[in-house]
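Trainee: Assemble chain B onto chain A, guided by the hints.
Chains as they are written, first to last, in our numbering: chain A, 1 to 232; chain B, 1 to 404.
Read the hints as simulated data drawn from the structure, not as lab findings.
Note that the coordinates shown come from a computational prediction; the quantities given were computed from them, not determined experimentally.
It cannot be assumed that every hint is accurate.
Claimed, not checked - Taking lysine-lysine pairs in the DSS-like style, the calculated list, with each CA pair at most 30 Å apart, reads:
(1) A/K67 - B/K394
(2) B/K145 - A/K144
(3) B/K73 - A/K121
(4) A/K25 - A/K165
(5) A/K62 - A/K138
(6) B/K312 - A/K121
(7) B/K394 - A/K73
(8) B/K394 - A/K165
(9) A/K165 - B/K122
(10) B/K5 - B/K394
(11) A/K62 - B/K359
(12) A/K14 - A/K25
(13) A/K62 - B/K306
(14) B/K306 - A/K165
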Amino acid sequence: MSDTMTVIKTENVKKIYSDNGLPVKAVNGIDLTINEKEFTAIVGPSGSGKTTFLNVISGLDKATEGKVWLNGKLISEMSGKELSDFRRDNIGFIFQAYNLIPVLTVEENIEYIMLLQNVPKEERHQRVMDILEDVGLKGFEDRKPPRLSGGQQQRVAIARAMVSKPVLILADEPTANLDSETGAELLDMMRELNQKHSMTFLFSTHDQMIMDRATRLVILKDGQVDEDRVKS
Amino acid sequence: MLMFKIAFRNIFRQKRRTIFTALTIFGGFVLAAFSIGWADGSYTFIINMFTRNRLGHIQIHYKDYLNQPSIYKTISNYEEVAEKLDDMDHIESWTPRLFAAGLLSLHDQSTGAQLTGIQPEKENQATRFRQKIIKGELFEKADHKTVLGKGLARVLQANVGDSVVFISQAADGSMANDIYEVCGILESGDSMSDRMAFYLHLQDAQDLMVLYGQIHEIAVIVDELGRVDMMTDRLRDAFTNEDLTVEPWQEFAKSFYHAMKADMEGMWIMLIVIMLIVAVGVLNTVLMSVLERTREYGLLKAMGTKPVQIFKLVLYQVNILTFFSCLLGIALSIILNYWLSKDGITLPNAFTYGGMEFKHMYTTVNLRSILLPLITVFFTAVIVGIFPAIRAAKNDPAQSMRTH
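Looking at chain A on its own, in the form it has when it is part of the complex (with noise of 0.2 Å):
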C-alpha cells in the first residue's frame, strides 16, 4: 500500500443539518482513506449518510466539522470559485438519473467539461471518439440524449465523468433507474475502464450487483462508518 496513492483522504468529517431547528447529524465523524485504482461502494440504508458524505467529498456541499482532502489538496477549506475548478479537472460524477444536456448531442454533452477546460477542439475529438468506443457507443455521437435508451444514456454519462481524466469518479446510485441486466452490464463495463485507465470509482448504493461488484465495502450506519471491508 506504501507506494499507492491516496486520493481521498477525510478526518473527522461531520455534516449536521437544520431540520425545523433540530439539529440532524447526517454524517458524524467519518474517518475514511481511498486510494487509487479503489471500485469501492458505499453501503448502507436510505438515511445512513452515503449521498451527504458522497456531496462533501465532491465539494459539492462543505463538512460542518473536519477535514477532506482529495488528491492531496485540502478542500475542505477552498472557496467555492477554487472548488468549482477543482471539481472540473479531478472529479467525474455519474447520477441515477444520468443528468445528461437535453439540447446537446452525445459527443457535446462528452466534451462539456473539457470546453470549460480550453483543452484544443482536435484533441477533444479523438478525446471522445475514444471514450466513446470504449462504452460501446461509436456512432452515437450526433445523438441527443433523448432518443437515447436509459443505458445507453448512463454509458454517455459514464463517458463525460471519465473523458477528462479525473482522479475519482462519483457515482451516486448508477444502476438505480436501470433494469438489472443493463445495470450488470454498465457496471461490468466500468470495472472494465477502472482497471484499464486506472481510475478510482467511489459508489454510494445499496444495490447488491455494485456491491458484488466493488473491492471495498463502507458500510455506513447513522452517519458512521460501521464496517470497512476489503474484498480479496
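Mentor: Here is chain B on its own, set in the frame of chain A:
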C-alpha cells in the same frame, strides 16, 4: 460560445412557451413601433397642416412685432430679404404679408375683419392658397378684388360678385376706405381665422394702408419639418443686422406647440405599459424555465461551470428570444408604418385641432419608431431576466441534484 449554443437550443425545448413569449415581445414591439410611428406621423401631419396652411414654418418680422403688433412695425426692405431667401437651400417657398384690422361692410351688414395683403402667386406656392378657394377664384393682380373667408362671407351674407367696403385707419393717420369686389370665398380649414379673413392683393393693401413697399411678415416654408430649427438659426445669422426677428413655428404658435408637446408626453405612458407587458411575459417564461431546469443548472455547476457562466446562459436565452422577436417586430412595424404612411387611416369622426379639421391620419417610418421600442423592449427583457439569471447562478448544486 458553449453557453450560447445551450441557450439557443434551450429556446426550442418548450416550443409553446417560447412562441407565447416571443409573441408577447413581438406584440409589445409592434405596438410600440406603431404607436410611435402613428404619433410622429400624426404630429408631423398636424404640424404641417397647421404651418403650411397659413402660418409657415418660420416667420420674419420687424423686431418685437410678435409681442406687440403694430401697423408701423414693418419690413421696409423686404425685397432684399427676399433675395437672400431665394439664395438659401432648404427653403421651399416664402410669402410676404401685410396685416391690418378694420370694419367690413356689405349693404347693412358690418363686422370686424382682418385684412391680409398677399402676393397671390407667392402665397399659393407657400400655402396652396388657390386650393382653399371653394367659390370663385383668386385675384391675379391688384385690381380691387378680394377673397373672403367662408365665415366672414356668411356673416356679411356676401357672395362672389358683391362689393364690400373696408374701413380702417391708414399708417399716415388718414381714413383708409375703399370698395372691393368679392372674387372668391375661401375655406382654410381654420374656422376661427376664416371668420375674419379678408384678403387683398399686397399692392392694393399697401395703397389702402399707405404702406408703400412695406410688409409686416414673411412666412417661410422649409422643405422638411425637421430642418426648421437649423434654418431658423441660419436665417437669424443672415438677418442679424437688419432689425428683424426670425421665429420658428414653436415660438409664434406657442399654445399649439405646447398642446402638441403635452399630447406627445402620452407616448411615454404607452411605453411604460408596453414595458410592463413585456416584463410580465419574459419574467414568467424565464422564471418558469429556471425553476424547471434547477437540476440541470446544478449539474452544470457540479461539473465545474462557474456561476457567471450560468448567469450568462440564462441572459443569452432572454436576449436571443428578444432579438428574434424584435427582428420580426421591426419587419412588421416597417411594413405597417410604411403602408399607413401612404394610405393613411380615415378617421370615423373627423376632429378639429388648433381650429383645423382632420379627417385622415398618417403614420411615419423613422428611426425613432424602431429604436425606441428596441431599447425599451431589450432593456425590459434584460432587466427582468437578471433576477432569474441570478437565481440560476446561485443555485446550490447538491440541493439542485435532489430536485426532481
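Trainee: Now, for every hint given, state plainly whether the structure supports it.
Mentor: Cross-check of the supplied hints:
1. A/K67 - B/K394: Since the Cα atoms of A/K67 and B/K394 sit roughly 25 Å apart, the hinted pair holds (cutoff 30 Å).
2. B/K145 - A/K144: Distance of about 89 Å is beyond 30 Å: violated.
3. B/K73 - A/K121: Judged against 30 Å, a Cα distance of about 84 Å means the pair is violated.
4. A/K25 - A/K165: violated, 34 Å
5. A/K62 - A/K138: Not satisfied, since the Cα-Cα distance of roughly 38 Å exceeds 30 Å.
6. B/K312 - A/K121: At roughly 23 Å apart (the allowed maximum being 30 Å), A/K121 and B/K312 satisfy the hint.
7. B/K394 - A/K73: holds, 25 Å
8. B/K394 - A/K165: holds, 28 Å
9. A/K165 - B/K122: violated, 89 Å
10. B/K5 - B/K394: holds, 21 Å
11. A/K62 - B/K359: violated, 73 Å
12. A/K14 - A/K25: holds, 7 Å
13. A/K62 - B/K306: Answer holds: A/K62 to B/K306 is near 17 Å, not above 30 Å.
14. B/K306 - A/K165: Distance ~20 Å between B/K306 and A/K165 Cα, so the pair holds.
Checked against the numbered hints above, the structure breaks hints 2, 3, 4, 5, 9 and 11 and satisfies the rest.
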